[in-house]
Amino acid sequence: MKEHLLRFVNILRGSGIRITPEEVLDCALGMEHVGLGSRSRFRRLLQATLVKRAEDLENFDRLFDLYFHSLEIPEETLPSPLEEAGPAGEAAELLAQLDGLVSPWLRELILHGLSGFPSAFPEAGSRAGLENIRFPLQIAQFVQKIRREFGIEGWRGELQGFFSALAAQGVEPGAVASLEQGLLERMGRLEEMIREYTERSAQAYLERNKPRDPPAELMEKGFGALTSWEIRSMQQAVQDLARKIRDEASLRQRRSRKGRFDLKQTLRRNLRYGGIPLEVAFRKRRKSKARIVALCDVSSSVWNASRFMLHLLYSLQDQFDKVRSFVFVDQLAEVTGFFERQEVNEAVNTALHNAGISYNRYTDYGSVFKQFHEEFLDVVNRKTTFIVIGDGRNNFFHPGDDHLARIRSRNRRVIWLNPESRGFWRFGDSMMHRYSRHCDEVRECRNLKQLIAFVNQLTL
Amino acid sequence: MFMSLQDVSERFDSQGYICSEDTATVVYLALRLGRPLLVEGPAGVGKTDLAKVLAASQGLPLIRMQCYEGLDETKALYEWEYAKQLLYTQILKDKISESLRSCESLSEAVERIATEESAFFSERFIVPRPLLRAIRSEVPTVLLIDEVDKADPEFEALLLEVLSDFQISVPEIGTLTARHIPQVILTSNNSRELSDGLKRRCLYLYLDYPGPEEETRILKKKVPDLDERLLRQVAEAVRSIRRMELKKPPSIGESIDWARTLVLLNANRLTLDTVRAGLPVLVKNPADREKVLKDLAGLLASAQRET
Chain A
0 MKEHLLRFVN
10 ILRGSGIRIT
20 PEEVLDCALG
30 MEHVGLGSRS
40 RFRRLLQATL
50 VKRAEDLENF
60 DRLFDLYFHS
70 LEIPEETLPS
80 PLEEAGPAGE
90 AAELLAQLDG
100 LVSPWLRELI
110 LHGLSGFPSA
120 FPEAGSRAGL
130 ENIRFPLQIA
140 QFVQKIRREF
150 GIEGWRGELQ
160 GFFSALAAQG
170 VEPGAVASLE
180 QGLLERMGRL
190 EEMIREYTER
200 SAQAYLERNK
210 PRDPPAELME
220 KGFGALTSWE
230 IRSMQQAVQD
240 LARKIRDEAS
250 LRQRRSRKGR
260 FDLKQTLRRN
270 LRYGGIPLEV
280 AFRKRRKSKA
290 RIVALCDVSS
300 SVWNASRFML
310 HLLYSLQDQF
320 DKVRSFVFVD
330 QLAEVTGFFE
340 RQEVNEAVNT
350 ALHNAGISYN
360 RYTDYGSVFK
370 QFHEEFLDVV
380 NRKTTFIVIG
390 DGRNNFFHPG
400 DDHLARIRSR
410 NRRVIWLNPE
420 SRGFWRFGDS
430 MMHRYSRHCD
440 EVRECRNLKQ
450 LIAFVNQLTL
Chain B
0 MFMSLQDVSE
10 RFDSQGYICS
20 EDTATVVYLA
30 LRLGRPLLVE
40 GPAGVGKTDL
50 AKVLAASQGL
60 PLIRMQCYEG
70 LDETKALYEW
80 EYAKQLLYTQ
90 ILKDKISESL
100 RSCESLSEAV
110 ERIATEESAF
120 FSERFIVPRP
130 LLRAIRSEVP
140 TVLLIDEVDK
150 ADPEFEALLL
160 EVLSDFQISV
170 PEIGTLTARH
180 IPQVILTSNN
190 SRELSDGLKR
200 RCLYLYLDYP
210 GPEEETRILK
220 KKVPDLDERL
230 LRQVAEAVRS
240 IRRMELKKPP
250 SIGESIDWAR
260 TLVLLNANRL
270 TLDTVRAGLP
280 VLVKNPADRE
290 KVLKDLAGLL
300 ASAQRET
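In the order they appear, the protein sequences are chains A and B.
If you count by numbering that gives the first Met the number 0, then the first sequence holds residues 0 to 459, one letter each, in order.
If you count by numbering that gives the first Met the number 0, then the second sequence holds residues 0 to 306, one letter each, in order.
No wet-lab data here; the hints were simulated from the structure.
Computed from a prediction, not measured in an experiment: that's the story for all the values here.
Just so it is clear, CB atoms sit at the ideal spot from N, CA and C, and this is done for glycine as well.
There's no promise every hint is true.
Claimed, not checked - Now the stretches of chain B that chain A is said to cover, found in silico as 3 or more residues with beta-carbon under 8 angstroms:
no.	stretch
1	22-29
2	168-174
As the list claims (entries may be wrong) - Here are some chain B residues pointing at chain A (derived, C-beta under 8 angstroms):
no.	residue
3	Leu32
4	Arg34
5	Glu39
6	Gly43
7	Tyr81
8	Asn189
9	Glu192
10	Leu204
11	Tyr205
12	Glu244
13	Lys283
14	Ala286
Stated by the list, open to error - DEER-style ranges, computed between Cβ atoms:
no.	chain 1	residue 1	chain 2	residue 2	range
15	A	Glu54	B	Lys219	31 to 39 angstroms
16	B	Gly297	A	Asn359	27 to 35 angstroms
17	B	Gly297	A	Asn348	19 to 27 angstroms
18	A	Ala215	B	Ser13	15 to 23 angstroms
19	B	Glu20	A	Ser114	26 to 34 angstroms
20	B	Glu122	A	Glu54	17 to 25 angstroms
21	A	Ser299	B	Arg288	57 to 65 angstroms
22	A	Gly427	B	Ala42	48 to 56 angstroms
Kindly produce the complete structure, drawing on both the sequences and the hints.
Here it is in C-alpha cells:
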C-alpha cells in the first residue's frame, strides 16, 4: 500500500500539486489511525494530508478515482481450478513433480486461481514502463507487455505439456477435461482484467504525462490570436494574478519608509509611562490611491484586450480610489454599474455585448471623445488617471483630437494602451500620431504579460 | 482525547454541531497526528464553531486569537508590563537603596542591580497574549487562530515558528516551553493565499456549505419546532439560492434564522409570501435581493419538487 501511495503522490505532483516529503510522511502515519477499511475515509486522509489548496481539490478527486479503482476489484472467490477438477491433492503433487513444465504464474493460476493476480498488476505495469505512457494509442502495446511479464504467451504450450503429463500419470480424462475448462475460463478473465487495469491506470498516467500548456505561452500570445477556450482558461489566471498584485501592493505599502517623527502621537502614547518616550510614533505616510477612468474600445479588433483590462481593473478595485469604466465603438456607454451589480466575469460579458451601444459600427474616436467631453467631463478631476484602450484606427472619420486635448487638461494624466504592434501605428487609418501628442504615455499592450505589467505599475 | 472517529461525531453531535463524516475524519486525524488543522471555506459554514465545539466536547478551555492586519508579536505573543515594573520600582525604592548602600562605586551598584535583574524581568511582569497563554496553560487547551488570512504574511512566519516548536523565547527570561501541546485550529476565508510553510505544517479541511440532508439535520437540531418536511424545503430553497451566484450567499446561520422566522410566522408551508418575508434574513444585499426576487417562483417550485 505504501508503494501505491508513493505512486499516487507522484501522479499528483505531475498534475501540479506540490507535496513535500513531510506531508507524505504524515499521510503514511495517518494510515495507521484511519485504517484502510473505508474508501471515503482513505480518500479524506489523503486529501487532508496532501492537498492544501482549495483549487487543487477537484483535480485530486478526479485522480483519486482514476488511480484507486483497483481497491474495488472484487476478490476472486471461485475455488481454484484444481479444487474444482477433483482430487486436488494428487494434482498438486504432480504439479510439484512436474515443476519444470509450468512457469511460476501458470502454476499460481492452477493452484490458486485468480486471487493472486490483481496485487501483482502494479508491479508488472511498472516493469513494463506503464508510467511513461504518452498517448492513448500505446495502451494496446502495454497490454501486450504486461502479458509478457506474466509469461502468458507460453501458457498454451505449457498447458498441453501439463495435460499430457497428467494423462500419462493416469489421471482420468474427465477430470483433466474439466480442469482444462476451468483454466481456460480463468485465462480469459485474466486477459480482461489485465486490459481493464492497463486502461484505467494509463488514464491516470496520461494525465500526468500530458505536455502541459505552459501559461507563460498564453501570457505572451497576442490578444487577437486567443481562442475562446484559451480566454476562459486565462480568466482564472487573471484572478490569481490580481491577487498577487494586491498582496504585493500591500507589502509595498507596509515596507515603505516610515514617515517623520510624530510628536503629538508619541506624547499621547507615552502618557502611561509618565511621559518617558518608551514608544516612538511616526507619521504614517498614507498613500493616495489613484482614481481611474477607463475607456475601452469594444470593436472586434480590440475586444480581448478590453476584456482583460476590465477584468483586471475590477479585480483590483480596492487598490484604486474609484474605477469608472466606459465602452465605446462609435458611441460611449458607462459600464461601471454592471461591475457593482454583477460578479466580475458576468459584468465583463455584459459590457462586451450588452452595454447599450451598437457594436456593429465603425470605431469613431472623434465622436467618442466629443461625447465624453460633453457628457462625462465631471467624472474626471486632477487626481484621475485617464486610460484609453484602443488601436487608434479611426476609419478616416474626423480625429477629434482637440477633444482629447481638452480631456487631458482636466486629468492628472492620460495613458493610451494600444494592442497593435507599434510598427503598424503609422499606416492606414491609424491616428496614433495625432492622439499620442495628447497623451502622457502611450504603450503597446499586445498580450496579457504586457497588460499585467501595466496594471502593476498603476498600483504603485 | 477522542477514542475513535465515531467518538468525535457523537460528541460533536451532543454539543449540537452536525458535521459530515469527512470533517470528523480530518479532525480525528489532526488530533492523532498532532498537527494543526487549517479550515478554509466560505463565511458562515461553521469554521469558528468547529473550534468551539472541539473545546467544549473535550471539556478543554478555548483560547481565541482573532487575526487582523497589523497584528504583531506584542499582541499575539506577549508584552512587558512596563507600568507594573515602574510601579514596583517606585514602591520598592527604599528597599533598593538599602541593598545598594554597601556599594562603593557606581559600577558596583550597576553590577548589583544586574544580579537582581530577574526580579524585574520575570514571568510576573509579562502580559501573556493568546499564543503564550496557550503554551503556558496548566491544562491542555484548544487554540483557535481565527481568520489567519487577515494577518500579514510576516505574521505567518512567526506563527509557523510557534506552531513548529511550541516554545517561545523571551530574551530576558529564556525559552518558555509548552506544558501541554495545544490543539490548534486555524480558520481562513480564503481572501488571500496563505504561505506555503504554514500550509505544509497543517492538515487541510475545506468546509463547504452542507448538502440538503445535512442542512436539514442541522435545522432540525436548531429549530425543532418546525415540521421536518418544511425544514427540508427550506434546505432545498437555500441551496438553490446559494447556486445563484450572489455576492453574499446565505450562510448556515442565516438559513437557521429563516427557519426561525417561519416559526414566528406560524407558517407550515413554503409559499411565495413566506419566502419573500424571509428574504431580508437570507439575503443582505440589494443586488442579490433583486436576483432572488426575479426567480422566486422557480425557487419555490424546485424546493417543493424535491420534497
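(request) For the hint on leucine 204 of chain B, just tell me whether its beta-carbon gets within less than 8 angstroms of chain A. (result) 6 angstroms, holds
(message) Interface hint check: tyrosine 81 of chain B, Cβ to nearest Cβ on chain A, cutoff 8 angstroms. Holds or violated?
(response) 6 angstroms, holds
(message) Restraint: glutamate 192 of chain B near chain A, CB-CB cut 8 angstroms. Satisfied or not?
(response) 7 angstroms, holds
(request) Under 8 angstroms, Cβ to Cβ, is where glutamate 244 of chain B needs to be relative to chain A, so tell me if that hint holds or is violated. (result) Constraint on glutamate 244 of chain B satisfied, holds at 6 angstroms.
(message) Does the closest beta carbon of chain A sit nearer than 8 angstroms to the beta carbon of arginine 34 of chain B?
(response) 7 angstroms, holds
(request) Have a go at the asparagine 189 of chain B hint: is there a Cβ in chain A nearer than 8 angstroms to its own Cβ? (result) Holds, because the Cβ-Cβ distance from asparagine 189 of chain B to chain A comes to roughly 6 angstroms (cut-off 8 angstroms).
(message) Taking the Cβ atom of serine 299 of chain A and the Cβ atom of arginine 288 of chain B, is their distance within the range 57 to 65 angstroms?
(response) 36 angstroms, violated
(request) Could you tell me whether the CB distance from glutamate 54 of chain A to lysine 219 of chain B stays inside 31 to 39 angstroms? (result) 34 angstroms, holds
(request) Grab the minimum C-beta distance from leucine 32 of chain B to chain A and call the hint holds if it beats 8 angstroms, violated otherwise. (result) 6 angstroms, holds
(request) Check whether three or more residues of the stretch 168-174 of chain B sit with their beta carbon closer than 8 angstroms to a beta carbon of chain A. (result) The restraint on the stretch 168-174 of chain B is violated, since only 0 of its residues have a Cβ under 8 angstroms from chain A and three are required.
(message) Taking 26 to 34 angstroms as the stated bounds, is the beta-carbon spacing between glutamate 20 of chain B and serine 114 of chain A within them?
(response) 31 angstroms, holds
(request) Note whether the CB distance of glycine 297 of chain B and asparagine 359 of chain A lies within 27 to 35 angstroms or breaks it. (result) 34 angstroms, holds
The structure is inconsistent with the numbered hints 2, 6, 13, 18, 20 and 21, although it conforms to all the rest.
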